[in-house]
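**Q** Residues in the sequence shown are numbered from 12 upward in steps of one, following the numbering used here.
What the hints contain is simulated information worked out from the structure, not anything from laboratory work.
Everything numeric in this text was worked out from a predicted model, so none of it was measured.
Accuracy of the hints is not assured; some may be wrong.
Calculated cross-link-like contacts (lysine to aspartate or glutamate; reagent style DMTMM-like; alpha-carbon spacing at most 20 Å) [what the hints assert, rightly or not]:
1) Lys129 with Asp314
2) Lys328 with Asp270
3) Lys343 with Asp295
4) Lys85 with Glu105
5) Lys109 with Glu64
6) Lys109 with Glu119
7) Lys165 with Asp253
8) Lys298 with Glu332
9) Lys320 with Glu133
10) Lys328 with Asp291
11) Lys298 with Asp314
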Amino acid sequence: MIQALPKLKQALSKRADLSSATVERQVSRSSKVQDRADLEKLSQETGVDIKFEGNPQDQVIVFDLDETLIAGDKTPINAKREKAINALGDRKVETVPKDHPMNERGVEIKYVLRPGAKELLEYLHSRGYKMIACTRNYADRGDAICNHDPVLSKYISGCLGRKDLQSAANKDFKNSPHHPDNLSFGVRFKAKLSNIFIEYPKHLWRKFKSIFNGKNIRWNPEIGILGKYPPNMLKLLAAKGDTKLQGLEAPRFLVDNSDKRETRDSLRSGDWAYINSNDDANGDGKKTPFLDMDKVTKTELVDSETGEKKEGYLWVKNVIEGIERGWKEQYKSYAGKEPKA
């Protein structure tokens, strides 16, 4: 600890120097790039957080996992599929071993990190953003992947799963009145009828087809259950003993591939913003989620601070633009009105 103090002081001094330099002078583009690189290195060496200089309500970003940052759950990856995926060259199948301490199911978990995910998370981290993951799939799967993967373990500060969304803490509507699952009696009754007569039969049909196509099918009703509500996710993390982000402002951003309910839920709540991570990968005019063998569209990225240009991915550009817009402006972009908070 004593040996680390000089580096700690150096990092704090460097961070202060950078902060004052931003106010006092307009540094060159190359200088800004070098400052970011130096600060990132010092942060890694000392554990000192990179200072976030934006709106505190924008700092914590909630990311969905499957079909957003990773793929491999909807269609399990067998040996033949793994070979084909690895042959694409821009991605690689990773395997969480069955004896991983967070893997409660005792079987290997195979997944693919989405091309561009590393660059996106690096970019956000270098600017002081904090990222958490939230999936409606099994919590141990998300925890195991985020712990095992060298990119996700570095940049994701916490992970929430199905059990957390089913917990009493996520159904505490008294303290979270804007939660999208906090429905009136009439809406709840209609949702229950919809689930019984429409959603559940559809689920059974998909389950039957999975016998032949091998896809993983889970019960995910679209109304009133398993709602993701970013403003209470730091509380959900604390409930499972993860307090690393306590003291920060509640999250207001959700980046997700599925828009079956996210835009609607955001509008219902009015106090958080949704960013769709999908893009039109095949040029048919329809945005699609990321599946393990999908083409990932490339484009030109421009650093908003330095003006530096480089090749990147369209979905990364879209997510960064939404985040840097700020959650309130992002909400207004599709709601056409001011948010509630």
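**Q** State for each hint whether it applies.
**A** So, going through the hints one by one against the coordinates:
no., hint, in the structure
1, Lys129 with Asp314, "16 Å, holds"
2, Lys328 with Asp270, "19 Å, holds"
3, Lys343 with Asp295, "27 Å, violated"
4, Lys85 with Glu105, "16 Å, holds"
5, Lys109 with Glu64, "41 Å, violated"
6, Lys109 with Glu119, "4 Å, holds"
7, Lys165 with Asp253, "16 Å, holds"
8, Lys298 with Glu332, "17 Å, holds"
9, Lys320 with Glu133, "16 Å, holds"
10, Lys328 with Asp291, "13 Å, holds"
11, Lys298 with Asp314, "25 Å, violated"
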